[in-house]
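Please build the complex by placing chain W on the supplied structure of chain V, with the hints as guidance.
There are 2 protein chains.
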Amino acid sequence: MAKKYVYFFGDGKAEGNKDMKNLLGGKGANLAEMTNLNIPVPAGFTILTEVCTEYYKNNEKYPEGLIEQVKENLKKVEKCMNARFGDPTNPLLVSVRSGARVSMPGMMDTVLNIGLNDRSIKGLINQTKNEKFAYDSYRRFIQMYGDVVLGIEHNKFEKILEKARKRKNVRHEKDLDVEDLKEIVLEYKELVKKETGSPFPDDPEDQLWGAIGAVFKSWNNKRAINYRKINNIPDDWGTAVNVQAMVYGNMGNDSATGVAFTRDPATGESRFYGEFLLNAQGEDVVAGIRTPLPINLVSKKVDSELSLEEMMPEVYRELEGIRNKLEKHYKDLQDIEFTIQKGKLWMLQTRSGKRTGFAALRIAVEMVEEGLIDEKTAITRVEPQHIIHLLAPVFDPREKEKALKEGRFLAKGLNAGPGAASGKIVFNPDRAEILNGKGEKVILVRIETSPEDIHGMKAAEGILTSRGGMTSHAALVARGMGKSCVVGCSDLDINYDEKIVTVNNKILKEGDYISIDGTTGEVIDGKILTKDSEILQVLIKKTMKEEDSKIYQQFKKFFTWVDKYRTMKIRTNADTPEDASNALVFGAEGIGLCRTEHMFFDEDRIDTMREMILAENTEGRKKALSKLLPMQREDFIKIFRVMNGLPVTIRTLDPPLHEFLPHKDVEIEKLAQKTGVPFETLKSKVESLKEANPMLGHRGCRLGIVYPEITEMQAQAIFEAAVAVKKEGVKVIPEVMIPLVGDVKELKKQKEIVVRKAEEIMKRENEKIDYLVGTMIEIPRAALTADKIAEEAEFFSFGTNDLTQTTFGISRDDAAHFLPFYMREGLLKNDPFETLDFEGVGQLLKLGVERGRKTKNNLKIGICGEHGGDPETVKFCFRIGLNYVSCSPFRVPVARLAAAQENIVEK
Amino acid sequence: MAKKYVYFFGDGKAEGNKDMKNLLGGKGANLAEMTNLNIPVPAGFTILTEVCTEYYKNNEKYPEGLIEQVKENLKKVEKCMNARFGDPTNPLLVSVRSGARVSMPGMMDTVLNIGLNDRSIKGLINQTKNEKFAYDSYRRFIQMYGDVVLGIEHNKFEKILEKARKRKNVRHEKDLDVEDLKEIVLEYKELVKKETGSPFPDDPEDQLWGAIGAVFKSWNNKRAINYRKINNIPDDWGTAVNVQAMVYGNMGNDSATGVAFTRDPATGESRFYGEFLLNAQGEDVVAGIRTPLPINLVSKKVDSELSLEEMMPEVYRELEGIRNKLEKHYKDLQDIEFTIQKGKLWMLQTRSGKRTGFAALRIAVEMVEEGLIDEKTAITRVEPQHIIHLLAPVFDPREKEKALKEGRFLAKGLNAGPGAASGKIVFNPDRAEILNGKGEKVILVRIETSPEDIHGMKAAEGILTSRGGMTSHAALVARGMGKSCVVGCSDLDINYDEKIVTVNNKILKEGDYISIDGTTGEVIDGKILTKDSEILQVLIKKTMKEEDSKIYQQFKKFFTWVDKYRTMKIRTNADTPEDASNALVFGAEGIGLCRTEHMFFDEDRIDTMREMILAENTEGRKKALSKLLPMQREDFIKIFRVMNGLPVTIRTLDPPLHEFLPHKDVEIEKLAQKTGVPFETLKSKVESLKEANPMLGHRGCRLGIVYPEITEMQAQAIFEAAVAVKKEGVKVIPEVMIPLVGDVKELKKQKEIVVRKAEEIMKRENEKIDYLVGTMIEIPRAALTADKIAEEAEFFSFGTNDLTQTTFGISRDDAAHFLPFYMREGLLKNDPFETLDFEGVGQLLKLGVERGRKTKNNLKIGICGEHGGDPETVKFCFRIGLNYVSCSPFRVPVARLAAAQENIVEK
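Quick note, the sequences are listed as chains V and W, same order.
Each residue of the first sequence is one higher than the last, beginning at 1138 in the working numbering.
Each residue of the second sequence is one higher than the last, beginning at 1138 in the working numbering.
None of these hints come from the bench; they were simulated from the model.
Treat the hints with care, since some could be wrong.
[What the hints assert, rightly or not] Dumping the calculated SDA-like pairs for lysine to any residue here, alpha-carbon to alpha-carbon at most 20 Å:
hint : chain 1 : residue 1 : chain 2 : residue 2
1    : W       : 1801      : V       : 1824
2    : V       : 1983      : W       : 1979
3    : W       : 1905      : W       : 1893
The following block holds chain V by itself, in its conformation from the complex:
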């Protein structure tokens, strides 16, 4: 006996159900489910996704038995719908629709009105008493079938239609009369014959199989393949095909079609929300030619509109009943499609509804409160990405709409730091600071940014760059600061000298207003009003009280659940007391990465740093370092105070020293004047420190090994600070982290210095500090020899930024030349600097964990790369057994949620 390839649904009984999405596709599974729930669904059947897979495996042939099964099921549909396929008096018409496991909106084909021909149209006229409707359906059918199944260019049909409109001198085809439509049908048929060499197929069975074949083929059209690449959908999933009896919302003013959400998908409010069109087919709603009406009174925005609730109160009540049934059954926001045919309601689709971050949070919290779902389910209902939206400032929606209508859209870049920002264009970071000091809002517009621009970035509302990717300096720092940021906007031509930026022939000057939306990447000319997120207003800005913000209260409640089901710790990457304190309110449980180098870029420090670098010998270096010591100590004191009771991981100096030196002759000259060192000497020192590949150069622990006095000073600053705050009653847990270790000997040497200094200071000050000395695992050799490194390390922290660079052999700074191409061409699924490459880099993480813990059973292991804020990476880290992830302050709640979700999945 042949395998069962076809599942029936109809008349309150279906062979499938909602849990069979892999076989039936999302649409088919939910049609079956609704049928079983006794919701009115036009009868039909689903051809399994397997058939698609076998079809392609088998040189586009159908498996044995399929034809018979389709025939049998069609009979069942005829019985349910009390009509016959191709019948001249009472014809059954069907639709053929795709339906993959996950929604691929608009990517595959659909054919409607199958079963119409010159004979059955008579039956349709007979059934509907509406000749115009019948011929309009016939015309639509031939056009759709001609296009989708027979591959005839769409606009060839449109031309015929246009000609008819011109003949009749009307603007829209709905104004054509029956005779016109009959004429068009004839012309369409001629076109088909001319184009294909054969007459239009008038056998309903041929029509049906043509449509099924077209839907299967559309699984492998270019659009669909691309969509799958982008969305990581395997090619071998295949699509199901749904054959379903047609119902019509365009049979007159007792017919309608609409879409609705069981709750408001924008705000999450629990009210039935939707739109409909009277006397229309589904495609008319999508086409957007007519303005839909609200389904009920509460959705009404304009009093003059008439709602479905008012027009067809009974049908509306039935629909509302179905809404309640579906929500109770699915226990989630549903996105539904319905058609009313001559006063009878038919449901055509239900699926989980897309929603904004605000809605996701509200629905999740309220459904728990309503007893619909439990806390764990609520946690899985909010996407980590939603949290980012919740925290970002937003444009006033009306203002933005206005701007776009006025043609003020300029360009689109990469959406690097979420949120909207608007301000005056400034090209220079100093100027940004000055203007900000005067209370001006500015957008810092740069070709790219560097650590020397940080004060300007801080002062700006948002950052816009013409170069760089999602992990460029600008993007990283902006995300860390929670600033709106659009990068790699290559349409911008920035001229620092003339202080202008040209974009598509439009010239903007410094001081002109510009607006950027870091959530979408849009760049818009002029000013648009923005608002802080409420959560930020409550938590960080303190401009709103907790009790005044419902969304904040829900946020807070939601995260108590998140933390209940979470086991992995979330720390933050923070270099300043401000960062640390922001991270704390977002729930950080420690600092996982405190980069000491950023502390040296302040104007009053960089000169001393340069003095250290330019010193001729150890003596000179020590002298300069002794000036830096009190500054570093003060930095640590402040951070320790903020982090009272929580661990603080401090990384010793990491970047190559030339990063601290000026590179342009003018700047070197300035430094020469300042220091009294001759220009030539300075210049040659700068030259001698230049590196061919600074990422792989003299940096990380290689600095502290060649210049142990640097590590010594840093250790001294850390432990003197620790002792000082301990004496104030602060609980201090310093963890000293040695960067770029490749061999255990390096760690050993650096650890010796740290331990010696720590013991010295504790003895001198008569205080005991609990501290750890550990290492970053950020080059492949460290992961490969993690068992040895663990002999010295008291913790590991994966530096996945550098580990990704070295494992791939890709410089983040240079990747823009080819990575975008790679992603476009499907050579890479994700930007590996955004979501960890589990297949390659992930292996090294796993190896590092296994080997490290082989040596030290309970070795504490975390991650502190930018990946720590990426939800998928956080989940991976949980799966491989990390103790914590560390991310930028604004990503802390994101990571908390992702970690909790993975906990729940595991159980």
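Structure of chain W alone, referenced to chain V:
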């Protein structure tokens, strides 16, 4: 019962033997062996190396039972030597010497004449009837013991000695008389008391234990620790201690001391070769104050010298007998030490003798011919390093000696390319070519070199740079060319503009003669005559006939053995027909790496290459590529012809495109004039291609992926060339290699292009070519995902240069800032760019092999990094199962030997 810690030797019977070096140390094992061979050896005993290890483990305490065992064995020595330790009439005196498993010459301490005190000296006088000798020995003893055991500064003793000489007004202490010596002994003792607070120990047992302790302690002195670091000797091996009866070569003119080699260690000639001093102690020979005499007539260089053979014919005959016995027994060149005491010959040491490359080869070959050893043993007797010496040109030894005596030594750099070279200083590669064209010999002196200097490097006798390490561009290219090369000679201050080089205040101008020894790193002022190695004269230069060169004949014979026992293939890295043909005569079995990019640097090609790079679109690129196509095809045709019958692995374009562009404004201006492209456009293109980390940038297959037309052109050139030579009757086996693959998808994309082109051309030309498409494994991700990559790859070739850079996160070009420091401080044993890092990078190789062969059982795997010419790496590659290594032409014999040796070891 306590463990046995002490092994006795004496009177023809020893408890140890030569195979017990791990326990007895090298010296002790061979003293035992000689004793067992009935060779006259002063009796003594060896304290095991284990004792040293336990001593350090146990807080510098001796293990239980040691003291008793030393006492017992000392009794045995007394019995053998018929004398008693500390006896006032017939005293036994002993020496205490270190002796580790491997020789650590001069690193540890020795104490002689132990057992002397104010009582036993009387016995010594009585025994020898030589009071002056006795007091001289006493003085030496106190001085040595005071220095080595008691830690009193050496020059404090020297001052006393000097005072005595002044008092007596003599130049040398041998001219002091007994009374003077007695006085000195008293003063020495006073010094000891003053310095240590205690009198000089006069109990012989105390003296003995003091000396033993001092020798054990010297295992951990700074020199010894450093030596072990440099020579990879584990710290826990420990040293043995040899306590042995003293014999004296300074008891009069019937006494003597000497060292000898059983064959000539410089040439390998089978003649007894050695030197001796009459009436002298061993330390006098080492001190080099007196000129030693030849031991026999054949060693005499000056007629006036009297040889030992002439002076003491009977003793000499006995010594010669021992020489024969030792050589037959050890079957290897022996380095021996002897002392003649009052006409009686004593042997103090025998060990395998160090030898030059010439001697190593000759001895190995001749010992096989003599039936002493078999071929396999011969193969293990020649070090791979020896082969490099055999191929290098040499300075005329007398000329070099003269130059050094004249103070013409200038500086020392890294010995990057072996061999001697002498010529006129030239700073500019073009100028080097011009002068070379005129028949001048030149040394190219550069701060560092780049691919654009290659023509100048070719034209030069040798290359000298002030920057760069052992794997800098200069070093790599020079080794590839087999040129003498000294790099990183930082004492040089090179000024291109003034065309001078300053070194230690000496100024040399362009055109001045300079000489460099790439085998030693020496840089010498002026001209020194050099000679080509004979093997090169025969094989490459054809300036000597095979039958005229004995060393060549031995070389040839030796390598027939090597190839008999070798299974791993050796290929070569060759980019030109000349390289390929040189490699062939050295035994290369294919090309493992043919870099196509070097072909684009020729002056007539680089412009077309630049045209390609500067093209605005695919069209323009294709146009330029079509001009490069015939050139590339011609290159491949020539190489295929040379390599008839052997595989040729061709790597597609690898370096970032900016390497082909000029970077200085003047050069850009020149190019602008040439191409008609505006300067600004060119300049901005050059800028836009600049990369922060070019090593990790847009290069390797990333070029061919973004610009598939490049790979297309290269594939076309390869297969059109292959077809062309096949039509000539050449057997051609092309292997196309895709560089820098990190994911199988990259390889798949590139392979598709290559296969498509290959099939297209084969079809068009109606020829069938056997070819493979494979990949380099040169970034960690490739090794980690080798199982997947092997699905597409038909072979793997490990690019260990880049793999080392990425696995360590170290840029080779920048490593000079810290790698030398790392090596000095023992953080790294070897330069990982010279000898593969087995612990880290080696893991990735093993992983790559395992995973690659998991997918494809018989996957061909090789290595083509510079490491392929490093003997230790070659052996590692054999062990992990590679099919071949590929190295520069001049390293091919080195690799052949190393591969054969590891084969033999494995069996």
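Consistency of the hints with the structure:
1. 1801/W - 1824/V: holds, 16 Å
2. 1983/V - 1979/W: holds, 19 Å
3. 1905/W - 1893/W: holds, 14 Å
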